[in-house]
Amino acid sequence: MMKITLVGQPNCGKSTIFNHVAGYKAITSNFPGKTVTYSISKMTFQGMTSEIVDLPGSYSMTSFDLAELEARKYLLREKIDVVINVIDASLLGRGLELTLQLLELNLPTVICLNMIDEAETKGIIIDTDKLSHLLGLPVVTTIAHKGWGLNKLFETAFKVGQKSAKSEFLTFSKDVEQVIKDLSEYIKKTDYSEKFNVPYRFLATKLLENDQDFIDEIKNTDMEFIKAVQGYQHQLEQCRDRSSDEVISSERHHLSMQLYESVVKLSKPRKEIRNYLDSVLMHPVFGYISLAVIMYLFFNFVFYVGAIFEEPLLDFFYQFLPFAEETLGADSLLYHIVSGVVQGLAGGIAIVLPFLFPFLLGLAFLEDTGYLPRVAYLMDTFLHRIGLHGKAIIPLILGYGCTVPAVMATRILESERDRFITSVLTTMIPCAARITIIFGLVAFYLGPRAAIFVFLFNIVVVAIAGNILSNIMPEITPGMILEIPAYHVPSIKILLSKVWLRMKEFIVIAWPLLIVGSVVLSLLQHWHLEEFINQLISPITLLLGLPVTVGVTLIFGVLRKELSMVMLVQALGVTNISTAMSATQIMTFTIFVLFYVPCVATLAVLIKEIGSKRTLFAIVFTFLIALILATITRFVY
Amino acid sequence: MVVSLTDIKSGSKVRVARIRGGLGIRQRLSCLGIHPGDIMLLQKSGFMKGPVLVNIHGNQVALGRGIATKILVEVE
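The listed protein sequences correspond, in order, to chains A and B. In terms of my numbering, the first sequence opens at residue 113 and continues consecutively. In terms of my numbering, the second sequence opens at residue 5 and continues consecutively.
It is worth saying that the hints were derived from the structure and are not from the lab. The structure presented is a predicted model; accordingly, all values stated were derived computationally and were not measured. Check before you lean on any hint, since a few could be wrong.
Derived lysine to aspartate or glutamate pairs resembling DMTMM-like cross-links, with alpha carbons at most 25 Å apart [to be verified]:
1. B:K74 - A:D287
2. A:K339 - A:D287
3. B:K13 - A:D390
4. B:K53 - A:D287
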C-alpha cells in the first residue's frame with residue numbers, strides 16, 4: 113500500500129487537503145487548535161488504496177519546536193512512498209525554504225501550490241512549469257477548500273510514488289557548498305548517516321546549523337565528532353563573518369528568493385474588503401469591543417443551540433426510568449444497573465453533546481476564518497501580565513468546551529514552563545460539563561446574574577492563579593512570534609469534518625467513563641455503600657457547610673464533572689434541589705466543583721503532556737484553591 | 005540610524021539591521037521570513053506594552069514586546 117505524507121508550513125491548507133480526502137475514516141489523536149500529533153487515514157483513489165498522513169505544520173526542518181521535531185522524526189523514520197509538499201502559493205518565497213530542506217532528504221516529492229486563487233488576488237502570478245523545472249519536481253496547483261485540483265494532485269503523487277523518483281538538492285554559494293561537502297565527506301567515514309537514517313548532506317547542513325536534536329544525540333558518546341563539526345562551523349564563520357547557523361539560513365533564504373523572483377510575475381493586487389477588516393478587528397479600542405461582541409455571540413449561539421436539544425433529549429432518556437422501575441422492581445440489582453446506564457447515556461448525549469457540538473462548530477469557524485490568531489494578538493498584553501503570552505489564549509478558550517483538547521492545545525506554546533502553567537489554568541476554566549452545572553444549579557436556582565458572577569469570578573481566579581504560578585516559576589517566556597494569516601471564508605464540509613474528528617475523540621475517551629461512572633454509583637447505592645464514602649468526605653463537606661450526603665457526588669465529579677450535578681438529585685433524594693440546599697450551599701457547592709481536581713480524562717492527558725509529578729501538583733493546587741474559595745463563599749455569600 | 009523595532013512609528017518601512025539574541029530567536033524569526041537585510045512594514049506599533057504587527061513579504065506577523073525589542077532596524 114502506498115504511503116503518502118503531507119508536509120508543509122502552518123496555515124498552508126495541508127489539513128484542508130487531508131480533511132477533503134480522508135473523510136470520516138480519519139483517525140487522529142489530536143483535536144485542538146492545530147494539527148499537533150499526526151492524523152492518518154486510508155483513501156481510495158482510482159481503485160488504488162493508500163495511506164495518507166497529515167504531519168504537523170513545520171516552518172523548517174530544524175528542530176526547536178516540539179511538533180516540528182515530531183514531524184521531522186516521522187519523515188526520517190517511516191518508509192514514505194511520496195511526500196506532498198504543500199505550499200501556500202501566496203507565500204511562495206517563504207514556503208520554498210522548507211522545500212529546499214525537504215529536497216535534501218532525497219524522497220520522492222510533489223509540490224502542491226495551494227490557495228493559488230489567493231496568490232492571484234495578491235497579484236502573484238507563478239510560472240509553474242519553470243518552478244517545476246528548477247526544482248526538478250512535478251508542481252500541481254490547487255484550491256483545497258474548494259476541492260479544486262486535488263484529483264490531479266493525487267494522480268501525480270501516485271505516479272511519482274510508483275516511479276519512486278528521488279528528489280535532488282539545490283546548491284548554495286560555492287564557498288559554503290565546499291564546507292558542506294567537506295563535512296559530508298567526514299560524516300561518510302562515520303555511521304551517523306545510517307544511524308539517523310538521513311542523507312549525508314542533510315545531516316551536514318543541520319549540524320552546521322547547530323541542530324540541537326542531532327547534536328545532543330551525538331554529544332554524549334562522541335565528543336571528537338562534535339569537535340570536528342565545530343571546526344567546520346568555524347570555517348563557515350570565517351567565510352562570512354557571522355555565526356554558522358546564520359550563514360546556512362541566509363543561504364537558504366537567498367536561494368528561495370532567487371527561485372521566487374525567477375518564477376513569479378507581480379501584478380497589481382486586487383482591492384478587497386477583508387484587507388480593511390483588521391483595521392477594526394485589531395484596533396486598540398474597537399478590536400477589544402469586537403472581541404467582546406464576537407465572544408458574546410459565540411457563547412450565546414452555543415447555549416441557544418444547546419438548550420434547544422438538552423430538555424427534549426433528557427425527557428427522552430428519563431421516560432425509560434419509570435418503565436424500568438415498574439418491570440424490574442425498584443430495589444433489584446438489574447434496575448440499578450439499567451438506571452445507571454440510562455443516566456450515563458443521558459449525561460453524554462443530552463447534557464454534553466448539545467453544547468459540545470455547537471461549541472466545536474463555532475470554534476472551527478473562528479479558527480478557519482483566521483480570527484483566533486487575532487484574539488491571541490489582542491490578548492498578549494493581558495496574558496503578558498500573568499507571565500504568559502498571547503498564544504496561551506487558544507487553549508484557554510478551548511477550555512470552555514472540553515479540558516481534554518484544551519490541554520492538548522498547549523503544545524502550540526514553545527516553552528515547557530508556559531505549557532505547564534497554561535495546562536493547569538485550563539483545568540480551572542469551566543468546561544461544557546461544568547458550565548451545565550453553573551447553568552443547572554446557579555442560573556436555575558439563584559438567577560442568571562449569579563451565573564454571570566460565577567463566570568467573571570472564575571476569570572479573576574484564573575488570572576491570579578496564573579500570577580502565582582509564574583511567580584513560582586519565574587522564567588522569562590520566549591515571547592510571542594505569531595503569524596496572522598489572511599481571512600478566509602471557511603468551507604462547510606471542512607468545518608463539519610473537523611468537528612466530527614474532535615467529537616469522535618471526545619466520544620471515545622469520555623463516554624465509556626461516563627457510563628461506567630454512573631453504573632458504579634448506582635451499584636454503590638444498591639449496596640448502600642455511599643454512606644461510607646460520605647463519611648470519608650465528611651471533613652470537606654462539614655468545612656464547606658454542605659449536606660454530608662453530597663460527598664459521594666464530589667467523588668463522581670472526578671469521573672465526569674457533570675455527574676456532580678446529575679447525581680446531586682440522586683444523592684439528596686429530591687427533585688428540587690432548593691428544598692434540600694440553601695442558596696449559600698448551592699453557591700459553595702458550585703464554586704468547589706468549578707475548581708477542584710480535574711476529571712479522569714483530563715488527568716490522563718495531563719500525565720501524558722506534563723508528567724505525573726506535575727499532574728499531582730495540579731491536583732493539589734486546584735484542590736487547595738477550590739477548598740479556600742468555597743470556604744470563603746460559605747461565609748461571605 | 006539603528007533603533008529597536010519598538011521605537012518606530014506605525015506605518016514606517018524598515019530594514020532589519022540585526023537580531024539581538026541567540027540561536028533560538030534567530031531561527032524562529034527566520035522561519036517566518038524575517039532575516040537581516042529584509043524590508044518590512046510596521047503596521048501597528050504596540051499599545052499598552054502589547055505586541056507589534058509587521059508585514060513581511062506580504063504576510064502579517066505579530067511579535068511580542070520582548071521579541072520586538074531584540075530586532076534592530078533602520079528606517080528606510
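Comparing the hints with the structure gives:
Restraint check for K74 of chain B and D287 of chain A: the C-alpha separation of about 30 Å exceeds 25 Å, so the hint is violated. The hinted pair formed by K339 of chain A and D287 of chain A meets the criterion: a straight-line CA distance of about 21 Å does not exceed 25 Å. Distance check on the hinted pair: K13 of chain B and D390 of chain A sit about 18 Å apart at the alpha-carbon level, within 25 Å; holds. Using a Cα cut-off of 25 Å, the hinted pair K53 of chain B and D287 of chain A is violated, with the two alpha carbons roughly 44 Å apart.
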